[in-house]
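Protein chains: 2
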Amino acid sequence: MVQVNVTLTQTIKKLLEDKKYATLRDILITMMPYDIAAVFEELQDEKMPILFRLLPKELAAETFVEMDEETQKFLIHGFSDSELKEVVDELFLDDAVDLIEEMPANVVKRILRTADKDMRKQINELLKYPEDSAGSIMTTEYISLRPDMTAEMAIKRIRRTGVDKETIYTCYVNDENNKLIGITTVKDLLLANDDDVVRDLMEENVISVHTLDDQEKVAQMFSNYDFLALPVVDNEQRTVGIVTIDDAIDVIQEEATEDIEKMAAVLPSDKPYMKTGVFGIYRKRVPWLLILMLSATFTSTIISSFDAVLSQLIILSSFIPMITGSGGNAGSQASVSVIRALSLGEIEFKSMFSVLWKEVRVAVLCGITLATANFFKLLFFDLRTYSGPGDPIMISLTVSLTLIGTIIMAKVVGSSLPLLASKIGFDPAVMANPLISTVCDSLSLLIYFAIATPVLASVMP
Amino acid sequence: MVQVNVTLTQTIKKLLEDKKYATLRDILITMMPYDIAAVFEELQDEKMPILFRLLPKELAAETFVEMDEETQKFLIHGFSDSELKEVVDELFLDDAVDLIEEMPANVVKRILRTADKDMRKQINELLKYPEDSAGSIMTTEYISLRPDMTAEMAIKRIRRTGVDKETIYTCYVNDENNKLIGITTVKDLLLANDDDVVRDLMEENVISVHTLDDQEKVAQMFSNYDFLALPVVDNEQRTVGIVTIDDAIDVIQEEATEDIEKMAAVLPSDKPYMKTGVFGIYRKRVPWLLILMLSATFTSTIISSFDAVLSQLIILSSFIPMITGSGGNAGSQASVSVIRALSLGEIEFKSMFSVLWKEVRVAVLCGITLATANFFKLLFFDLRTYSGPGDPIMISLTVSLTLIGTIIMAKVVGSSLPLLASKIGFDPAVMANPLISTVCDSLSLLIYFAIATPVLASVMP
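So the sequence lines, in the order shown, correspond to chains A and W.
For what it's worth, the working numbering labels the leading residue of the first sequence as 183, then goes sequentially.
For what it's worth, the working numbering labels the leading residue of the second sequence as 183, then goes sequentially.
Derived by calculation from the structure, the hints in this document are not laboratory data.
Where hints are given, some of them may not hold.
It does not matter which identical chain is used: a pair holds within one copy or between any two.
Here are the computed lysine-lysine pairs in the DSS-like style, where the Cα-Cα straight-line distance is at most 27 angstroms [claimed, not checked]:
hint, residue 1, residue 2
1, K369, K457
2, K338, K605
3, K532, K196
4, K532, K466
5, K291, K267
6, K466, K559
7, K369, K347
8, K605, K457
9, K369, K267
10, K453, K399
11, K605, K453
Sequences are here, hints too, so could you generate the full structure?
Here it is in structure tokens:
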């Protein structure tokens, strides 16, 4: 795909320069909004308005939604009020709300001024919902049916009113108080007889979400139940809108990116990597680097306080990175498994003990494997020609025992911290690998020196 | 949700014991397949067949699809051939293929034997496609229209044939050679006049995927273009099937989990965490732990070979974990940003130089911040009462300069390795953080000693 777009972008640039507008229009109407938006991002600023004006109204609005913030801002800046109105009028309500949430105050003002009264009212309603709530990603444009309609009437109603709705395929049956009493689909209506009544066709066990539910929960429900849309209700069970699957997919992608970023100790960002400036990236990364650097003071302090042991047997210091590294890796394996299982809703805090019991058994197996491999490696390879102080067997044994202890400790820490975080209402993913590594580093050094001190005392009088 | 299910599960268990089958059936038909499947996983084995037989045919099949492998295997084992046939007949084709891919050979044989001839033929066709290809996740059940039909005829055709199709909302227009020439939607057909012709209603610029395209690419297209279904074509551009959005969502979730696992040096698994046994988890984790432990030999060797420097100034060894840790964190921040941007299709190999240039600038900023903080922290805190050999200012300076060098090196390594991996056709996510950390550990020690050696020589005659 990308390959094709690149060449196409060059063609479009050339045509723009040569002012072949009719040809350009013919090309553009064959393209998908996402791809047209990608072309805009490659253009020089002054060319953008020209190209945008070549797009038919509906395609223009669809393309506009796919553009990045900067391009949107630039285009709006150049729009006359009537041009802006044309775009805004074509937007689906939820896209208009997304746009408004991203734009600076003066642009928002212009958008709201140009929107027609009815749309402005609905936008203002939607803006009231907290960020990341079901209310904030829903649209109020959906097909509403009455229970006493026949299938034929229902389909007529859909044909009459459907053109403005984002999805017509799931229809919501509301009673006279707008309370949600059932859903039906165009598929069911089409496959029914003309005089079947909606009440008999509809599914009464409707799964709905509340306006204030977390968008991550909503997205997870799409993936569990294979819905195309999900109704959103208020405290009185009245239908106030629907979330459509395209928005759910965006949430799923966003949340996965956020989890991944947090696990790598990057503050989550809502902009794509290539769109974020150097300072933006710096600000997302430096806080955790600083915190983790400062918390490494503990490890330094531990090492310093065992100076006496280390200076007697300097060879021990060369295994420190291997031990802390193995502990960090073992810990992050466990934490990542648990964090992901938590976000997919596979486990919750009450499974803590079965998780810990599982991790301890895995840790014993991993620890023994690593310790055995390490013991023979040290004895027959690294320390084969060792002539310093101490007995190679005892040194190898010390390091190997430390590895077993470290890995068990790391798996327990790695799996329990995210669960504890979820329990106290924190995001488990902030128990990021680096944070767990820092904890594991200190603890594994303590284990190391706790084992090394008596062993040393026995061999070095 | 989960809370509710748990209580419901208890109720269902009680009703099963009391043999209140009519009540049970009434409850079950109000539930979603995903939730019923969750109940099965909490049941004792001998209760499962009883509960399953209470489900109406269609719901039984839908629930069956949502169950985990073990439960499916157990149930099939207890089915008579006619019971198995009932379930298999109700399955959508792509679900049947998924099932067959997971089951052991003897079960597959039974399933294929009970499936009717036509279904068996189609299943065998689909099984030929490689795992993780578009062909392997598609279904061959879709609505096919001819270009010369009227909207009225098209809707009649959908009403006649739609009941067996997984989705009826996107319809594919094929010519007499079954070549895909356009798509249209039920929405467009319903909103059109009865005698409009499909040829005039259809969208001719169809985006399709090839049977052998990677499922990750397919899923990404759903998220870019907001499709509900995507046609799959063969080498001759003939429509052979469609991928539906519910399967695309599953792929998106799976791929995100896989990326996260690889980043944490866990071999990817296709089973949920709680469903995987201790040995299963051990096998996924121990290979990387071993590899990384063995590769830590480099760091040990480097430290050993600078024994002379370290034993002169043992305080230097206490900063090793902080330096390698900061390098590892900085590197994994960069690699995660790049890996995620690669999997979302935001960047590709040719952006390598702009990525590196960005990372170097971010690294200089992060490095200077960390070095400054570290310099004053060492001088006024850690080394305030230092009375050992060497000048505290020179020691602080050595460590701080090392930090700048380390962070620049780590960001360059962290961002370039995933890009290089993608270039040579490897999965960028295998350039996992721990692997990058190991590389960064060795390099940061080399930087440390390269800086420390001359500084030391100057202060310690």
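Going through the earlier hints one by one, which of them does the structure break, listed in rising order? 1, 2
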